[in-house]
Structures are given as C-alpha cells and as structure tokens.
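Peer 1: Between the sequences and the hints, there should be enough to build the whole structure, so can you do that?
Spelled out from the first residue to the last, the chains are:
2 protein chains.
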Amino acid sequence: MQPSPRAYVPFVSVDTMMRLVHRIGLSQMMRDLADYIEEDFRRWELFDKTPRVAAHSDVGVIELMPTADDALYAFKYVNGHPKNMKDGLQTVAAFGLLADMTTGYPVLLSEMTLLTAIRTAAMSALAAKHLARPDARTMAVIGNGAQCEFQALAFQAICGVDTVQLYDVDPAATAKAMRNLRTSGLTLVACHTAEDAVEGADILTTCTADKQRATILTDNLVGAGQHINAVGGDCPGKTELHPGILHRSDIFVEYAPQTRIEGEIQQLDPDHKVTELWQVVAGAAPGRSTARQITLFDSVGFAVEDFSALRYIKDQVQATGIAKNLDLLADPDDPRDLYGMLQRAAPDLAA
Amino acid sequence: MQPSPRAYVPFVSVDTMMRLVHRIGLSQMMRDLADYIEEDFRRWELFDKTPRVAAHSDVGVIELMPTADDALYAFKYVNGHPKNMKDGLQTVAAFGLLADMTTGYPVLLSEMTLLTAIRTAAMSALAAKHLARPDARTMAVIGNGAQCEFQALAFQAICGVDTVQLYDVDPAATAKAMRNLRTSGLTLVACHTAEDAVEGADILTTCTADKQRATILTDNLVGAGQHINAVGGDCPGKTELHPGILHRSDIFVEYAPQTRIEGEIQQLDPDHKVTELWQVVAGAAPGRSTARQITLFDSVGFAVEDFSALRYIKDQVQATGIAKNLDLLADPDDPRDLYGMLQRAAPDLAA
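Chains as they are written, first to last, in my numbering: chain D, 1171 to 1521; chain H, 1171 to 1521.
Please keep in mind that the hints were generated in silico from the structure rather than gathered at the bench. Mixed in with the good hints there might be a few duds.
To be verified - Heads up, simulated DSS-like pairs for lysine-lysine below, C-alpha to C-alpha not over 30 Å straight-line: (1) D:K1253 <-> D:K1494; (2) D:K1253 <-> H:K1253; (3) H:K1484 <-> D:K1256; (4) D:K1256 <-> H:K1494; (5) D:K1484 <-> H:K1299; (6) H:K1443 <-> D:K1484; (7) D:K1253 <-> H:K1484; (8) H:K1299 <-> H:K1443; (9) H:K1484 <-> D:K1494; (10) D:K1484 <-> H:K1256; (11) H:K1443 <-> D:K1219; (12) H:K1484 <-> H:K1219; (13) H:K1219 <-> D:K1253; (14) H:K1256 <-> D:K1494; (15) H:K1219 <-> D:K1494.
Peer 2: Right, dumping it as structure tokens:
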C-alpha cells in the first residue's frame, strides 16, 4: 500500500540546499532573497506577527518563530547555544516549515541552518542598501565565525562593498574567513584589533556569538556617517555595542516588540525611538537622510524574513523538482478512517 | 563528502509509525503511553509550560505546542481544519520534534497524526482510570470520526470497558467504526440517537469535529455517577456540552490557562473551580470521591502529553533501530566554517 500523494511533504535536506545554492549561485540567491524579503516587508501589516516563543536554559535557547499571511504559514525552529562551538557543534542550527493556511497541510520542510545564514546576510545587506551611505565601499566585520563570509558576500552582491576588514579575538577564525573569501573578488584585510578593522570603514558589522553583555564596539570607534550592522546580539542579556553608540545613532529594527527584548536596544528605555525597517522599505519613513548621520540596524532576525526565505525556496523547488518527498502525514482515503488505514497496513508491513 | 553523524536526525515516517504500532500492538502501546504520561504528570511542575501558539484563519487553526524539562525539549505542529474532511483531507494532521536542551540539536522528528490520535485516547483513558467509577464497563462514543476507534480501544485496554455504544449524525461514520472494531472483543451497539447511545452508559465520550458551539450532550442526558470525557471541544468558539452539565460536574483539566481558552469551560466564569489532572495523578487532589458524583474531563490536549509520547517513541526507536536518518542539520567539521562546508561541497554536488 503506497501513501497518497497528499501524505508527502517536499523536503530540502542540507545536501539539497547546497545543490540549490550552487545551481543558483550564492550571490544571485542573496539578491533574490533580498527581493523576496523586500516584497514581504512592503505588505508587512498583513502578517500575523508575534514575538518568538523561547525555551531558555543555562546554556542556550530553543526558539519557535511563527508567522503567516492569508495564504501561507511559516515557522522556524532555531537554537542558540554559544558553548556548542567548543564541542564541535553549530552555535545556531535551524529548520523550517511552510504550510497552506487553508488546509493546515505542510507544503515544504527545509533545513535552515544554511538558509538562515544566507537570509541573515541578505537581510543585513538589504537594510544597508537603505541605511548606509550610497558610496560605502569598505566594511569592517568583527566576529569571523559562521556568519562572517555570508555577510561579506551579501554586502558585495547587494551594496557594492569591495573591501572587507576582518577581526576576531581568535586569529584562526580570521584566517579561515580570509581563506574562504580569497577568490571572491573582495579586497581582504586581516586586522589584529577591532580598532584596525574599523579604521576607514563605512559599514561596521558585528557578528560575535558570546551569550553575554560584551562591548565589541566602544563609543570612540564609531564616527560620523557610518552604518552599524549589529547582527550578533540576539537574545536577552546578549549585546555587542556600548550604550553611548546607541544614543548617537538613528536606530532601525525589524519588529520593535521583539528587538526591545533581544536586541542592542534592551540597554535603552522601552520608549526610546526606533524605526521599523519595513516602514523604510515601504516608503513610510525615511532611511538615511544625511551623510554624517550614524545609522544602526539592530538585527535580531524576525519570522517574516524566514517566511520570505521559505517562500523563495518553495518557488525554487517547484521550478527545479530538486526536493525529495517525506512521508510525514497520515492521509487515509477516508479522512475519518485513520484507524482503518493503520489496520489495513498490517499485512503490507509484515511482508 | 558525507554529512557527519551529527547532521542526521532520526525520522519516524507514517510508515515507520505504523510498523512500530503493529510491532508493539496498539493496546500495549496505549498502556505504555498512559504510563509515560503518568510519569511526566507526576513531575508536572518541572516542565516549562505555555499555552500553545495559534494562527487562526476563517477555516481553521495551525498551532505550535512547545514544552521542555531540563533535559529534553518537545514541540508539536498541529492543524485543525474541520472543512478538510469534505475535501478528503484529515481534520487534524500533526508532526513533532524532540531536541536535546543542552545542545539545541533535534534528536527525533516524528509523524504525529497517528501518534496524536493514540496519545489522545491514552490520555482520555488515563483520566477515566482516576475519575470514572471503578465498575464502569459501558461507554457511549458520540462522534464516530478518526478518533472514535482509538478511544474505544484505549478504554478497553486501560479501564476495562467492554461495551461501546456508538452514535454519529452520519450513520456511515458509525458503520465504519463498527466495521473497524468488529474483531476487538468489545460489544458494539450502533445507535440512532445520542439518547440511545447514552442510555445505560457509565462513561460518555464526545469526539465531534465541528468548529462551532454545538450541544452534543444536553443537560437531561447526563445522570448521577457518570464520567464525561469531552474530547472534541478544543478551540475558542468550539464546545460540545450544554453549560448546565458543567455546573453539575466536578471538572478536571490538563492545564487550566489553556483549557479556559479552548475547552468546554470557556462557557464558564474564568474563576470557576477546576482541578488540574496532574494533581490527581500525583496524589495532591482527589479524583472521584463518591459513586454519584458527575466527573468531567475537559480534554483539549496539552504539550506535556506530546512530550511524553515523543519520549516514548524515542525510546522505542533506540530499542528497535526502526527509524530512518534525515539530513536535516548542517554540521561542518569546524562549526565556525559553515561557508567552507558549502564551498567544499561544490565538486561533489556537480559530480
């Protein structure tokens, strides 16, 4: 007895995701993802939004990030365990699901460790497209872990960045990033201090992983006209920037209720003015308005971005037929006859 | 290049779940599940509990149900779309995941359409073991859809019920249940009215699927000493019992904050006295205390029950090696080198 076609959910494994990336090209995929996110940000108010649901422990957090529009429902499962790295595990691993709102049936299950890394970088570059100076060409990347290369390549593909200055407390991480990016066409500078990395940079990207209050950027390192892309602070008690920087910056966030809990702005009063980025994308609020302004994208990652990323992968899966099918749903011929399906399967299973 | 063993998540498909059920035996599995639930209910206060996160539309709901103890995290994805049935789809389809709290890595992905049907029935029977009269042998089942046979068999296996009186507004549903249960050893009675089904029954089970306020049981149908197992009301605006019944019953629930939103008691004042079932299981509150008392289990399903069910399946998977492995997690040799893993995969993928 074969399951009905409705019982199957297209599944994008890590292997399948890597095939998709290489088929499309990473730079092209990041540009495409930025377009999908931009499209969904323009209709932001249509989404069912809620702060993510988190289960915290002493060593990390597991989160569910759901959102939906009228047609599609998405959620992502994602962990954050900084101590994982020294045990040889990913700090952040993720998978996600897209479902049909009219039936509740899943239509895509996908790995999202890679996809989150790619969409996070695409989101950062999309924000910088609206917030950095148009002539910004040099970026500092402080924290050269798993997110670093994706950030560098997204800013090259989407913002025209041509020079990346790299710094990490662990020189081996910087060396790894230099090696991985050597054929990218970017001019790469390995730096020995955060000060060196920031020197002359138009865009400052921080993507460190410690679960603690850290001061990756001190107040004196940030000057007029810079855009700060703060990626690493993404849970309560974890920040990267000196509060002085926040007071001198115009702050842009994804979804204020979530960022006030998890982002850099957890250091500020709960009524400190911030602008939601969708307003800038939709033309309802200004982005950068002067060349000397300091702009800050306080990025924590929001469910709508994962919705956009899964929607993009679904379209690619439909176009390429690259996904495998997963026997995830029980779908008896008569929907009221779940028990009959189980009972009738016995001879086949014994065979 | 092969993914590392850590990249794999054991996966229990619908086919694998059916194999497990037939290998263990459905009655044995329901007794085992009741034991696992009872064990977790005894340590109820250790669980991280939250009402489920729901995305509602005009035609249904999609829910995420997370919970965790110190060692394990579980969540279930489940939909509820009453209109699905006439389109040949399941009203309720589900899958779930178990993860390691110390690493955030998933340790089991499982179908849960079948597993939810089985654990729901096991939960109902476990509640009745504590709440129905010990000499209860006859059960009415009103609503003969997908949950009906599982309820009948669970009460047979766990409570010693020997006679089941069936009624559904659609006689074809009753005929289906009679057919499926003919070799069960239960005495079966097909009834033409709810009144006939309830006549002489010690336990009244309602498991209908309409998303609306319905009165499946009117006040006059319920008498002294009966236990009511109300399974079908499980979302805001969906109830099955006349409020008069609620006022005459001692009411037991799984997790009061959720049941007040979704259960029969949404018809009552928010401070109406109810007892959480874990208190009865743990010996902290009485269950049934007199033979004439009317007891009501206002069942909506709670995340801890799914936690117990997934924990049971994990143990069975480890004992039998029956699960397949799913390439769900990106796990590079160097956890900071996600990009390098992607880059190095290119030649293999092209081959």
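Peer 1: Give a verdict on every hint.
Peer 2: Hint check results:
| no. | hint | verdict |
| --- | --- | --- |
| 1 | D:K1253 <-> D:K1494 | 33 Å, violated |
| 2 | D:K1253 <-> H:K1253 | 47 Å, violated |
| 3 | H:K1484 <-> D:K1256 | 27 Å, holds |
| 4 | D:K1256 <-> H:K1494 | 29 Å, holds |
| 5 | D:K1484 <-> H:K1299 | 47 Å, violated |
| 6 | H:K1443 <-> D:K1484 | 48 Å, violated |
| 7 | D:K1253 <-> H:K1484 | 25 Å, holds |
| 8 | H:K1299 <-> H:K1443 | 21 Å, holds |
| 9 | H:K1484 <-> D:K1494 | 24 Å, holds |
| 10 | D:K1484 <-> H:K1256 | 27 Å, holds |
| 11 | H:K1443 <-> D:K1219 | 33 Å, violated |
| 12 | H:K1484 <-> H:K1219 | 21 Å, holds |
| 13 | H:K1219 <-> D:K1253 | 25 Å, holds |
| 14 | H:K1256 <-> D:K1494 | 29 Å, holds |
| 15 | H:K1219 <-> D:K1494 | 35 Å, violated |
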